[in-house]
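Colleague: One-letter residues, chain by chain:
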Amino acid sequence: GENVEQHPSTLSVQEGDSAVIKCTYSDSASNYFPWYKQELGKGPQLIIDIRSNVGEKKDQRIAVTLNKTAKHFSLHITETQPEDSAVYFCADGGSNYKLTFGKGTLLTVNP
Amino acid sequence: DAGITQSPRHKVTETGTPVTLRCHQTENHRYMYWYRQDPGHGLRLIHYSYGVKDTDKGEVSDGYSVSRSKTEDFLLTLESATSSQTSVYFCAISESPGGGSYEQYFGPGTRLTVT
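Protein chains in written order, with the working numbering: chain W, 21 to 131; chain C, 5 to 119.
Be a bit skeptical, because a hint or two may be false.
[As the list claims (entries may be wrong)] Now the in silico label distances, taken between C-beta atoms and shown as ranges: (1) LEU60(W) with THR9(C): 15 to 23 Å; (2) GLN34(W) with SER87(C): 37 to 45 Å; (3) ARG71(W) with THR75(C): 22 to 30 Å; (4) SER32(W) with THR119(C): 34 to 42 Å; (5) ASP37(W) with GLY55(C): 45 to 53 Å; (6) LEU126(W) with ARG115(C): 16 to 24 Å; (7) ASP42(C) with VAL40(W): 23 to 31 Å.
[As the list claims (entries may be wrong)] Pairs of lysine-lysine, DSSO-like flavour, derived with a Cα cap of 30 Å: (8) LYS123(W) with LYS91(W); (9) LYS61(C) with LYS123(W); (10) LYS88(W) with LYS77(W); (11) LYS57(W) with LYS15(C); (12) LYS57(W) with LYS78(W); (13) LYS77(W) with LYS123(W); (14) LYS42(W) with LYS123(W); (15) LYS57(C) with LYS62(W); (16) LYS61(C) with LYS42(W); (17) LYS62(W) with LYS61(C); (18) LYS61(C) with LYS88(W); (19) LYS62(W) with LYS15(C); (20) LYS62(W) with LYS123(W); (21) LYS62(W) with LYS74(C); (22) LYS61(C) with LYS57(W); (23) LYS62(W) with LYS77(W); (24) LYS61(C) with LYS91(W); (25) LYS123(W) with LYS88(W); (26) LYS15(C) with LYS123(W); (27) LYS57(W) with LYS91(W); (28) LYS57(W) with LYS123(W); (29) LYS88(W) with LYS78(W).
[What the hints assert, rightly or not] So these bits of chain W aren't anywhere near chain C, every CB distance computed over 10 Å: (30) ASP37; (31) THR89; (32) HIS92.
To be clear, the hints were calculated from the coordinates, so they are not data collected in a lab. Quick reminder that beta carbons are idealized off the backbone N, C-alpha and C, glycines included.
Modelling step: build the complete structure from the supplied sequences, incorporating the hints.
Modeller: What follows is the structure, given as structure tokens:
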């Protein structure tokens, strides 16, 4: 991947609402798109990923959608809980084994 | 943290001194990476390794060198630390992408302060 734009940089929601974070990428050869969650003082943790041969993937309250034509992918968190508060990073796997990361989104879930 | 340890976890050093950070894995993964994390920049790749003694540069490699003499250890060296290298450093590991697997797993990080 060459360049990954992530929006928004901060997001505040009420507990129980949904949260959506979007990323766009530039490398048309990219075929792997992971999302990481980073809690304060810890390393990033892989929470979900998607490959270019599918358009959507779900895992309980989180889902990722991919639009290869438009070169964007999104993270969806439903029924948000205070423990979802963290910084979320998207990444683009490009056509090799290196990841290019977005700059991150600080999600705050208010009780 | 997927069998990854980093040492030290915190370090304060003076400008001009050499510093070596260590990443150790127990997963026998082929690929290892060093990133730095700074506010407003996210995670940026410094160097990576695709096997013992096989390394290559990332996007912010200037001022850093790496070595990998064993599968389980990947060392990052700052030959002469500068204040601009104050950052949090993360190591990550990954299996061979030969089977289409790109998942990277991160260590707990090392906070380095250069005064």
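Colleague: Looking only at beta-carbon atoms, does the pair ASP37(W), GLY55(C) fall within the given range of 45 to 53 Å?
Modeller: holds, 46 Å
Colleague: For the pair supplied as a hint, LYS88(W) and LYS77(W), confirm whether the alpha-carbon distance does not exceed 30 Å.
Modeller: Within the cut-off at roughly 14 Å; holds.
Colleague: Return holds or violated for the Cβ distance of SER32(W) and THR119(C) against the range 34 to 42 Å.
Modeller: holds, 35 Å
Colleague: Could you tell me whether the CB distance from LEU60(W) to THR9(C) stays inside 15 to 23 Å?
Modeller: Once the Cβ atoms are compared, 20 Å apart, the range 15 to 23 Å for THR9(C) and LEU60(W) holds.
Colleague: Is it true that the CA of LYS61(C) sits at most 30 Å from the CA of LYS123(W)?
Modeller: Given pair LYS61(C), LYS123(W) holds - Cα atoms ~20 Å apart, limit 30 Å.
Colleague: With a cut-off of 30 Å on the C-alpha distance, tell me whether LYS62(W) and LYS77(W) pass.
Modeller: Within the cut-off at roughly 26 Å; holds.
Colleague: Would you check whether the claim that HIS92(W) is not at the interface survives, using Cβ distances to chain C and the 10 Å cut-off?
Modeller: holds, 17 Å
Colleague: Mind checking the alpha carbons of LYS57(C) and LYS62(W) for me, to see if they're no more than 30 Å apart?
Modeller: With Cα atoms ~29 Å apart, LYS57(C) and LYS62(W) stay inside 30 Å; holds.
Colleague: When you check the alpha-carbon spacing of LYS123(W) and LYS88(W), does it fall within 30 Å?
Modeller: holds, 21 Å
Colleague: Next pair to validate is LYS61(C) with LYS88(W); report whether the Cα-Cα distance is within 30 Å.
Modeller: Roughly 28 Å separates the two Cα atoms, so the pair holds.
Colleague: For the range 22 to 30 Å, tell me whether the beta carbons of ARG71(W) and THR75(C) fit it or not.
Modeller: Holds: the Cβ-Cβ distance is about 27 Å, inside 22 to 30 Å.
Colleague: Verify the proposed pairing of LYS57(W) with LYS15(C), using a straight-line Cα cut of 30 Å.
Modeller: At roughly 25 Å apart (the allowed maximum being 30 Å), LYS15(C) and LYS57(W) satisfy the hint.
Going through the hint list in order, the structure satisfies each hint without exception.
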